[in-house]
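As a plain string of letters, each chain reads:
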Amino acid sequence: MSLSAVSGAIGRWYSIPLLLLVWHVAVVSGLTTSRLLPEPASVLIAFYHDVANGTLIAQAAVTLARALSGFVLGSVAGILLAVAMARVPLFSRLVEPLVFLGYPVPKIALYPVFIFIFGIGSSSKIAFTFFEVLYPVTVTTYLGLSSVPTRLIWTAKNYGASKLDIFWKVILPSVLPHVFTGCRIALPLAITIVVVTEMIGDSAGLGYYITIWGTRFNYANVYAGILMIGIIGFALDRLIVIARKHAVYWEKNNVRL
Amino acid sequence: MKGALEKAALPVLLLVLWEATARMGLIPIYLSSPSDICLATLELLKDGTYVDALGASLFRVYSGFAIGAALGAVLGLAAGMNRAIANFFDPLISFLYPIPKIAFLSVFLMLFGLGHASKVAIVATSAFFVVFVGAEQAVMSLNPRFVWAARNMGAGRSTILFRVVLPACLPQLLAGLRVALSLAFVLLFAAEMIGAREGLGMLIVEGTEYVRFDIMFSGILAFAVLGFLSDRLLLAVRRRLLRGQMIGTEEQAI
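Protein chains in written order, with this note's numbering: chain X, 1296 to 1552; chain R, 438 to 691.
Keep in mind that a hint or two might mislead.
Said to hold, decoys possible - Covered stretches of chain X, going by a simulated chain R footprint (3 or more residues, C-beta under 8 Å):
1. 1345-1357
2. 1365-1376
3. 1456-1468
What the hints assert, rightly or not - With the Cβ distance kept under 8 Å, some of the chain X side facing chain R (calculated, not the full set):
4. Leu1314
5. Leu1316
6. Gly1325
7. Leu1326
8. Phe1411
9. Gly1509
Since the hints were made in silico from the structure, they are not lab data. Beta carbons: idealized from backbone N, C-alpha and C, even for Gly.
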């Protein structure tokens, strides 16, 4: 690596170590009370300790399983719903008001009802994540389907393409970017919703881990839990971006990594 | 007329079904019924708890959103225009952005207590990140020819900022604001359910604790209406601000 590349990297990434240093100095010099803000090193030690003994991994696995199952179920159902709306005019006219009026409504307020129906454990979290993911995926996919240029379909028809061909070779490629946009909105939402609902009430998962260590005034572990959520969120978003790059390979890469 | 009938058909059908099954005792008691929810809403309106709860929640969500969005827009635009500012913020944002901000709630509750401040802070934090990213990307995707053209015609820095950059970035900035607004309600609700002494979230929790499911649903209804109307208000502002830019484009339904 040349000298200019090194200085360029320093110029682009200096703020994280700088802030960590300020944090460390502030705690060590006694400027802040370390109860709410333990020094960075002790956060890392807590993180390492709980990863090594498996508790943090186990809680992360619970959260991840809930978020992913809700997300997968919700996006599959959302895509199917959008296709049904695009194909069946009567169905679309009946369902559209519920979908488009329900979209901006904060659905989280319904979570207490979900607890009554599905209980406090995993099933209410997965059901609610499903419900929250359903909306953005349905709306973006439906808008994508209704914005497929008709000219492309006419052209394909003129060349004698079958219905199946039109679906696989014309409609699917032009809808795919919209589906990925919906998924990229829905995935962080799924993680947020699972963590929120775990904080409201549960005895497993990262949301629970953070809350329980917060009530024990052990903030090193709280930040360790937050770090774990950050790592999961970052990794999953990267996965979606990479999947999009492979599936929508013809798209000019304007998604900033 | 026929269109309106069709639009209302499914929601009305669901409401009638809900009321009928509740009257016949076919659904569990915690699902209440539309008529009971209306009565509970009237009761809460009369004794003033509704207005108090609504006022507290409204104040929290709007002030938090305003603080976070203003900071996010200003710093995001600045980062988009200035390399040094971007170099400072970009790594921090890309590290903190994927973390659900609700995770910081226990820290904020310790710092700011159970009152308004902790909720305002958590809503502001979540709004900040979304608006910052939207504003920065808006500037980065700005067509540089606009700026060159303005410069060639002798426009000063402030003219370029207010007459070229800002109007061109408005659509994306407003898209970021809309996402931030919907997130603000999620965070407000969670924060009010976990630790609060007043507000709509508290009203809903109290409803479940006192086995008054009509009150619970009444709170849920208020929360839903509040979120929906806020979104519509933002869309109306957007239409007004972008009325020049939207000529000839087809306005999408959402």
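(request) Three residues minimum, CB to CB under 8 Å: does the segment 1345-1357 of chain X make the cut for coverage by chain R? Let me know. (result) Violated, because only 0 residues of the segment 1345-1357 of chain X bring their Cβ atoms closer than 8 Å to Cβ atoms of chain R.
(request) Confirm or reject the coverage of the segment 1456-1468 of chain X by chain R under the rule of 3 or more residues with a beta carbon closer than 8 Å to the chain's beta carbons. (result) Coverage by chain R is violated for the segment 1456-1468 of chain X (0 residues, Cβ < 8 Å).
(request) State whether the coverage of the segment 1365-1376 of chain X by chain R holds or is violated, taking the criterion as 3 or more residues with Cβ-Cβ distances under 8 Å. (result) violated (count 0)
(request) Identify whether the interface hint at X/Leu1316 stands, where standing means a beta carbon of chain R within less than 8 Å of its own. (result) Because about 14 Å separates X/Leu1316 from the closest Cβ in chain R, which is outside the 8 Å limit, the hint is violated.
(request) Could you check if X/Leu1314 really has its C-beta closer than 8 Å to a C-beta on chain R? (result) For X/Leu1314, the interface hint holds, since the closest Cβ of chain R sits about 7 Å away, which is under 8 Å.
(request) Please verify that hint: X/Leu1326, Cβ, nearest Cβ of chain R, below 8 Å or not. (result) violated, 15 Å
(message) Restraint: X/Gly1325 near chain R, CB-CB cut 8 Å. Satisfied or not?
(response) violated, 18 Å
(message) Just to be careful: measuring from the Cβ of X/Gly1509 to every Cβ in chain R, is the smallest value less than 8 Å?
(response) holds, 3 Å
(message) Just to be careful: measuring from the Cβ of X/Phe1411 to every Cβ in chain R, is the smallest value less than 8 Å?
(response) Where the cut-off is 8 Å and the nearest Cβ of chain R is about 4 Å from X/Phe1411, the hint holds.
When the structure is compared with the earlier hints, violations turn up for hints 1, 2, 3, 5, 6, 7 and for no others.
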